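Colleague: Line by line, the protein sequences are chains A and B.
Mind the numbering: the first sequence is residues 1 to 249 in the numbering used here, read in order.
Mind the numbering: the second sequence is residues 1001 to 1322 in the numbering used here, read in order.
Calculated from the structure, these hints are not laboratory results.
Watch out, some of these pointers could steer you wrong.
Label-pair ranges, simulated between beta-carbon atoms [what the hints assert, rightly or not]: (1) ASP1179/B - ASP84/A: 32 to 38 Å; (2) LEU68/A - SER1045/B: 56 to 62 Å; (3) LYS18/A - GLU1047/B: 51 to 57 Å; (4) ARG1210/B - ARG224/A: 45 to 51 Å; (5) VAL166/A - ARG1210/B: 30 to 36 Å; (6) THR198/A - THR1288/B: 47 to 53 Å.
Model, not experiment: these values are computed from the prediction.
Ideal Cβ placement from N, Cα and C applies to all residues, glycine included.
Here is what each chain is made of, one letter per residue.
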Amino acid sequence: MKILVCISNVPDTTTKIKFVESDTRLDTTGIQWVINPWDELSLTRALELKDDASSGVKSVTVAHVGPLTSEPTIRKALAIGADDAFRVNGLPADSYFVAGQLAAVIRKEQFDVILCGIESSDYNGSMTGGMIAEFLGIPSVSAVSEIKIENGSPVLTREIDGGREVVSVPMPFVAIVQKGIAKEPRIASMRGIMTARTKPVKIYEPEAAESLTGILVFEKPSPRAACKFIDPDNAGQLITLLQNEAKVI
Amino acid sequence: MSVLVYTQNWDGKFKKSSFELVSYGSKVAELLNTSLVCLSIGTVSDEELKRLGTWGAKKVIRVDGDYCKILDNQVYTDIIAQAAIKEDARVIIISDNSEGKAVAPRLSVRLKAGMASGVSKLPLSLDPFTVYKRTYSGNAFAHMVINTEIKIITLSQNSFNLVETPENASIENYNITVDSSLAKTVVKDSQKQTGKLLLTDAELVVSGGRGMKSPDNWGPLVELAGALGAATACSRPVSDEGWRSHEEHTGQTGKVIAPNLYIAVGISGATQHLAGVSSSKCIVAVNTDKDAPIFEVAQYGIVGDAQKVLPKLVEAVKDLKK
Chain A
1 MKILVCISNV PDTTTKIKFV ESDTRLDTTG IQWVINPWDE LSLTRALELK DDASSGVKSV
61 TVAHVGPLTS EPTIRKALAI GADDAFRVNG LPADSYFVAG QLAAVIRKEQ FDVILCGIES
121 SDYNGSMTGG MIAEFLGIPS VSAVSEIKIE NGSPVLTREI DGGREVVSVP MPFVAIVQKG
181 IAKEPRIASM RGIMTARTKP VKIYEPEAAE SLTGILVFEK PSPRAACKFI DPDNAGQLIT
241 LLQNEAKVI
Chain B
1001 MSVLVYTQNW DGKFKKSSFE LVSYGSKVAE LLNTSLVCLS IGTVSDEELK RLGTWGAKKV
1061 IRVDGDYCKI LDNQVYTDII AQAAIKEDAR VIIISDNSEG KAVAPRLSVR LKAGMASGVS
1121 KLPLSLDPFT VYKRTYSGNA FAHMVINTEI KIITLSQNSF NLVETPENAS IENYNITVDS
1181 SLAKTVVKDS QKQTGKLLLT DAELVVSGGR GMKSPDNWGP LVELAGALGA ATACSRPVSD
1241 EGWRSHEEHT GQTGKVIAPN LYIAVGISGA TQHLAGVSSS KCIVAVNTDK DAPIFEVAQY
1301 GIVGDAQKVL PKLVEAVKDL KK
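Pulled out of the complex, with its shape left as it was, chain A reads as follows (with noise of 0.2 Å):
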């Protein structure tokens, strides 16, 4: 079983985010960029599974789509456990145009599993999973946070509102992974970071694909005004307030 984990790279999740050009792009300078989270855990998961040897995984490879600048981030998923990788050198426009991209190389290399988080946290799309997943004409099972390998095949968990459903579907397949998935993300280790150096990255140019959609100009959100404080000896009157003035009960 050879399981593919697609990553994003994310600004920290702790950056201040600022935006330069007109609000038309984000203020890069000194971010910290690294694997979005979820897509962390997915390798977490994946390298997990690999380590069990009656799991049959074979091995676990990333995909990511962008420049060269992102190299680091792919080294990092090297450096954590996969065992190689590949990059479409392109610039990621849109959900549509990363999700053609990684369709095209699947295509060429054949999973069985790929495994994709639920969103990136940059433009909080959850969208490219399920794109893959329909360029290639394979089944999806979204907002996954248990994988489990029983005789060969792979048995899912997923949220729906209010519990969880234990399912299955036939390999290849895309799964759309969510928090639960893995506990902590996993850490390289120094041999890691040293073996991730020679590991093989992979490049792929861009096929002709477009993009669909395009972010005129990022707004932050309105701010707040300030807190109004309430003597906790008080404390009761804060439901008055919530009543009278927020009106929200």
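Fit chain B to the given chain A structure using the hints.
Modeller: Just chain B now, with coordinates in the frame of chain A:
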């Protein structure tokens, strides 16, 4: 030409979020000078479908069959795509919830329709078709242009007010053929809590963080939630420690919610937590540290110990309800 809204049902019933979608769809249809069509998949009674009329649905189409019984993303995509083509839909509106996220991206590829997710306002412009969507986990919003003839929007929950525009909705049963080979999802087991107020549906939420100090201290918080008719939530450390269930975790990697009222008790307000709750209409913070970042986003704040403050709040709510 039409605007198509996919109204998901829960065991044959709609929720407030369904009516929100219909209200939104009705406004978009008005802007585009066209009519609104609602699509329902699965077994839903005529009476329930008629309720969509209250919010502006003139026509409701129902697709039902054995293939609708479980959510198979390919099957549902096929149904919505067929309905969209038949109704000549130009805008397709779906909820930004787990089912919406599972199906809408597939539909985007299937129809080659540009998609924007997490939309929270009416379109900012019709030409070019521009929507307002959440980015950077709520730290920014983007004006996103969709360039295709058909547009797909997933609407954030609790982001649009219900607008009553009563119509007598006509119900049409669709007989469509679904390629049975598409249905590949097998459900082996299912656990579902019924009757519990879901965090993502709740208009009022009371949430606890590490400042609650111990899992044994949750009594007054749960009591406050009960008195208010609110759902309970928690921050990530609390669910990681196992003090509360993972289903209650709100924040960047947990649930993203936008209730009318979010009461954060003993939560400092780290960026990752705020990412999940910053769209709440009114935030209240109770914290012993007056410099905690949560006070920067809170409308009301109480600097004090949760265990002392919570009983006072419970008492005040009970007085109010008398």
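Colleague: Are the hints correct? Go through all of them and say.
Modeller: Status of the hints after comparison with the structure:
1. A hinted range of 32 to 38 Å holds for the C-beta pair ASP1179/B and ASP84/A, which are about 36 Å apart.
2. In this structure the hint that LEU68/A and SER1045/B lie 56 to 62 Å apart at CB holds, the actual value being about 58 Å.
3. Taken as a hint, the range 51 to 57 Å holds for the pair LYS18/A and GLU1047/B, whose Cβ atoms sit roughly 52 Å apart.
4. For the pair ARG1210/B and ARG224/A, the beta carbons lie near 23 Å from each other, so the given range of 45 to 51 Å is not met.
5. The given range of 30 to 36 Å is respected by VAL166/A and ARG1210/B, whose C-beta atoms sit roughly 32 Å from each other.
6. Evaluation of the 47 to 53 Å hint for THR198/A and THR1288/B yields a pass: the beta carbon distance comes to about 52 Å.
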